[in-house]
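Residue numbers (this note's numbering), protein chains in the order written: chain E, 21 to 521; chain A, 3 to 323; chain F, 683 to 948; chain X, 12 to 543.
Treat the hints with caution; some may be incorrect.
[Stated by the list, open to error] The calculated DSS-like cross-link candidates involving lysine-lysine, where the alpha carbons are at most 27 Å apart (straight line), are:
| no. | chain 1 | residue 1 | chain 2 | residue 2 |
| --- | --- | --- | --- | --- |
| 1 | E | Lys314 | F | Lys856 |
| 2 | A | Lys230 | X | Lys293 |
| 3 | A | Lys177 | E | Lys196 |
| 4 | A | Lys230 | E | Lys207 |
| 5 | A | Lys90 | E | Lys205 |
| 6 | X | Lys293 | X | Lys362 |
| 7 | X | Lys85 | A | Lys128 |
| 8 | E | Lys116 | E | Lys352 |
| 9 | F | Lys719 | E | Lys352 |
Because the hints were derived from the structure by calculation, they are not lab data.
In case you want the letters, here they are:
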Amino acid sequence: MKATKILRTAAVAVMCLSLLFSVASCSKKAQKSAQEPTSVTVGITQEPGLFDPHLAVAAGDKEILFNIFEGLYKFSSDGKLQPALATDCAISDDCKEFTFDIRKDVKFHDGSVMTADDVIFSTNRAKENNQALASIASVEKVGDNSVKITLSTPDSEFLTHATYAIIPQSVADQNKTPVGTGPFKFKEYVVGQYVSIEKFADYWDSSLPYLDEVVFKICADMDSGLLELQNGNIDIFPHMTKDKAEMAGDKFDIVTGSSNMVQIFALNNAVEPFDKKEVREAINFAVDKQELIKLTMDGAGTELTTGMNPIIGDAYDKSIDGTYKKDLEKAKSLLEQAGYADGFDMTITVPSNYLVHVDTAVAIADQLKEIGINAEIKQVDWNAWLSDVYTGRDFQSTVICLTPDYAPMSEIARYHSQSTDNFINYNNPEVDKLMDSIPSTLDEKERNDIYHQILHILVEDSCSCFIQDPYEITVVNKDLEGYELYPMYIQDMSKVKFKSA
Amino acid sequence: MKERVTYILSRVLELVITLLIVSLLTFAAFSIIPGDTASVLLGINASPAQLEALREKLGLNDPLWYRYLSWLKGAFTGDLGDSTAFGKPVAELIVSRLPVTFGLSFLSLILVLVISYPSAVISSGKPGKFWDQFFSVIGHVSFAIPPFVLSLISILVTSKIFGYFGVGKYVEPSKDFFGYVYCLLLPAFCVAVPKIAMAFKFLRASILTEKNNDYVRTSKSRGLSNIKIMFRHILPNSNVSAITALSIILSDLLGGSLIVEQVFNLPGLGRLLLQAIGRRDFPLISGIVFYLAAMMVIVYFLADILMNLCDPRLRKNGGNI
Amino acid sequence: MPKKKISPYYIVGGAFLAVIIIACILSLLGVGPSPLKTNSADKLLPPSASHLMGTDNMGRDLFARVLSASKYTLLISVAGVSVALVLGTIAGMLAGYFGGIWDRIIMLLGNSIMCFPGILLALMAVAVWGPSLFNVIWALGLVFAPTFARVYRTEVIKIKERDYILNAKILGVKPLRIIAVHIFPNAFTQIIPAVVIGLANMTLSESAMSYIGLGVQPPKASYGKILSDAQSYISTAPWLIIFPSLMLVIYILGLYFISEGIRGDR
Amino acid sequence: MIYADYILEVKDLSLDFKSEGDKILNNISFNIRKGEILGLIGNSGCGKSMTALSILGLLPKDARILSGQVVFDKNDLLEKTDRQMREVRGKDIGMIFQEPYTALDPLKTVYKNLEEVLTEHEDLTREVRREMIGKMLERVGFENTGDIMKRYPHELSGGQRQRVLIAGACLLKPKLMIADEPTSSLDTVTSMSILELIKSLCAELRMSVLFISHDLSIVGNFCDRVLVMKKGNIVDSGNAFDLLYNPQNPYTAELLSNSRLDPKQLDLEFNKPSFSSECALKVTDLCAGYTSGNGFRKERKEIIHNLSFKILKGEVVGLIGSSGCGKTTLTRAICGLIRPYSGTVTDTKGKLGVVFQDPIMCLNPAHTVMWHLAEPLRANKIKMSKDELKKAAVDALVSVGLDENILGRHPSQLSGGQRQRVAIAMCLMLNPSLIIADEPLSALDTSSGARILKLLSQINKERGTSILLISHNLRVVRAATTYVLVMDNGNIVEDGPTKNVLSHPKTEVTKKLLLAETTLHMNPDRQQFMTE
């Protein structure tokens, strides 16, 4: 009847009104004009937790803090150590005493000048909170701008740890108001939205930085980050997967490199049947690593043979590559030797929030079926994994990514039987002896020989199955230049600038 | 007037008891779930000494029941304590997320009203006819589509057609209110769609029941046209029973919709809750759950008052309130 | 009395549900390629002759996975709803029939569970009994029980004033028997619309649970799991989203039409 | 005063439903003179309401007018478009319905409910409207019209609401008012006042009335002329008086006899209770009522104030009183459904049966008759083998006049009378010493009501079970009970043997009840009544 006809038109009108409203208002598109202060937005997917440089340990935090704080020495993009707040360093023969010459007239963000006392204060504070610096015995002033650090035990590679942040004594709470010497000053942190840092005008290296402001925008996950990328809200987006990076569109370059991470299919050496070497070897022969890399990372990852990442350089021994190629017959015979002719059941416990590890576990389970091992996958929430698997060591096998510091020793330190990080319960006295001798051998070439011996034993024992070092893939806006990829979790924004500028 | 005081008192008591039960549930959850807050914050290569220091600082060492009681004492004096994961006061964190959650909730509530009312009126105008079937089927299909599929499709469609639809460009309401409303429009639509289906189903049912009441026949016998009867008699009466359904929908919305916030990258309450659970942040979780319980009871309280206003039969003492 | 012709709702609803049930039977018989075989060569292939619904990011055939997923989705939603129904009925009946203090306590408990985040509840269930399918069903059942309890409560309050209940009381029938034998059969027909909505919500929240590693453990999967995994491939592999959502919509529309049929008859 | 010219002429109107096909009305014709009250009588389903609705054009969607004309004020209403008809409705033709309780919009005040009639047809200022409504409310018998206008429908009694509806129908002084069973859901006293109101309005406004009812005896006393309808045809017509007293048409005669339930034909006899035997029920100064309000404050609303009476073994006692005098509360207290505040009731657990008024709700729709009969035994732990149980059930059914084959049936497959009798059979399973029948007949048509009464008296005679019969229909009480109690707002104001109380009433309450009954149900043998 007439009545409902009027109502119908009213309803349709209301609906297209709301659509019109959205169309009209979206035409105003923000235009970025040249003369405005240059600002770059970097997409991050982890909510930063702590800003205190000595307390922060989470990778997501260190990534940002690299731009705010600097240590005596600093890593460059090719992994070499460069002098930063120290101009150079004299090391005693017994590798126990390190005397640093402090760079003169370096200013903190709050304007005060850095003195040797700040270095001493920072070293002691860092020592309390960082296990790697436990070997520092004392630190004292040796003249106006030089400081001597004496270690309790010799450590030839101590310099790689001398990157802890130097902070002014005066600042009470670094978490709320971070003050350092880095190229950028802390500006603002809005929980759940972004962290912004701005240019530090009187940085000691006056040529840097180029940008006026850098905003680290927090994204829920890679997908929503990708959408913002495509909409032009983000200029740089690190840690992407290959297929997503290719979807970013033609306005972006794709930068790839090693991320110094080790994806391990960890086998608990203390648990039946993985306490037998032959079983571990059999698994190494049964797993097809190239297939796994293709499946999980679309091929964007370098195959690994053992716990150390080849990116470390000379300490790695190329000769061990290629020891384990997929060979089902060999795997089956090894299983027979170990007494498991018709295979066995096992569980792979994986943290549920890392989809890549869950997928890897699924693929491994599929491959192991061919030699009679049926693996069941048990997903656990991240915290349960941390407390039960990593600290509690209550698991048969798991898949996780290890993120060692960029130093040969920290790559393999976990395989020392006494190490707290030895969650796979690996125990080989020979390896322990060799590891203990490293800190006191000053000469780098000698140290590398010892590393090579350790690697050979690790491969011999095949303590676990090491899968890949996933590529670090970062998407960078085409009109930016100077962005360098680091083999570690670091975003160095000081050298980045707009091409036009 | 005495009637109203006891009514309000019983509602307040109900809020307090719900809060107690809910916080007890949170407390029980925390004593069972594995994972220790400190190791979550500091990651896998933190030293035992570091873990111990952080635990001491955050007071994680004292027994859980002690922490629960101190939290309870704080809750009743209005101080919800500090979040262990973000180091910021819990109240501040929740308030920082309210613009998104409130914005989403009220925008989608408006969408629900604007779309479900006319469609319900039309479809109940001629039950069983084309429009009625059309709206009912659409209602149920929209009910069955998973929220994130809906969100993703809507983003794809709008970005393809309109080129760029402000996804992710979340703007603080204080800075630019229209930008704020504008960027919440599409997510609000995605949140609203299943709720529209629910409201439509409920409204249509109550209109149809009201339609064959006797007072409609009386008005007809006095010469009123169908439209007048619909708006003057049928709608007000079906509103009364619709209020309960709408209050359930609103309290559901205020809880924050995790999935839409995730896809549209909006810093809402849903995501904060998931992060809080992920980081085993006891004070923050209890704070959020405290907010949820309070919201639910307040919404039902308002619904009751609205019902009393609309329906004289409910008012205990006759005409005046 | 005209011959009782089967209302069209039943036919349409039955057809929709038949699609899902056939899918379950096919997967039980192991028809077609194995849903678990991973193969990097055919990663993310569009639907073709060899792969009816294309393949997923692990190279597994989506058609086979959807078939096996129908089993789990059906199992989880039906089992979960029955748990919620049992808990909800008991609570609703007690609250409705005895009223007074009981009513307030049960309603307060119901409200608290409703505003308690479902995910935290599920985590508790998993922590105590482990992440098996059975515990997810328990957790989901508990989360949905209050809605059923609420519907039952209003129904019982309406029925308990009717003459045949007063008559039973006068004849000396025990309260529990009155609830179970006298009230329950009449109250049950009212619950059907809520059951349909419950089944729909159950399947959707199971997929939300997969964020924290709950529900069906890989490599097995339910519609919700496939959908949540495929979330990041919507632009490159839309078929990963389209087909499971289609099955989900068919499942829920089937339930809707059946419930309309039942409501029509009463 | 009846004028010569016709206000309404209906010429061979026929009507059927699209779905069913058989005719509801086949070419009926009648006419109404100005100022005349025409009665339209017939059992339910004979099409009388359909006639009224077709006059006003309010037929349901799938009803089809096959032929005929409805001439009103010299033009045919069936030709008019919906818009034109809307002008007629409420202005020239007013209508009132059976259910006053739900006929007013609960959310609007009385004033708002009535105002819409004026705003629809006239545009008057607010004051004029207020004044008109005030005058009309006064005319229909309200004193403080100002206060009534502000009140809401749920605050008015059934009678008051019907008066408001009448005011609404007559506001614009219509030429014709259609009254569709206006009094059948009201108690006798209120119905009487409503009918008198309609009569006076009809005279004053020179309005004619089409009065529809299924109760011939009411119409006889009230209408000028009467039409009798049967299955869509008019079978008899004539002026009210001679139609009532010497009905020629056999169908009219049958209708008449059913409606008046002549006690003589039932020849009920009762066993004579000897005064020495002990009582089946003894109630001494009982106070009972309802408590409302939640947890903290209990609000006590006492309805029964220290009431006492006793029923001897095998005696049939009647309980009469207008609605709202506490009859239901009393029965609930006796059955133990509510705990009395003070006073005692002899223990009736297991020895008491109840028969309820509403035949639809007295049996559980989800179970079979067999289940219902077995339930009392199960509840009281009386162990019986399967076939013993079946035999007992069959005996009970036979004793209430039903045969075996309905054992497997569900209540929905039984008629109202049958369901009522299954309920009685249920009580008999426990062989109770007392049966309370709460208004057992009012919802049934007269013939099945008569059979229920016969059954009750038979049970009393054979088994000696005493019966407490509650009813607002005095003729039933006069026919079926030997002792009667008259209740008024929670207390027994008068009691005694039925014959004396109903012929020589002492209290005002009983007199009022008797007066209402005589004016409504004119009884042929008039001389039986006191003519003070």
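| Which earlier hints turn out false for this structure, listed by number in ascending order? | 1, 2, 4, 7, 8
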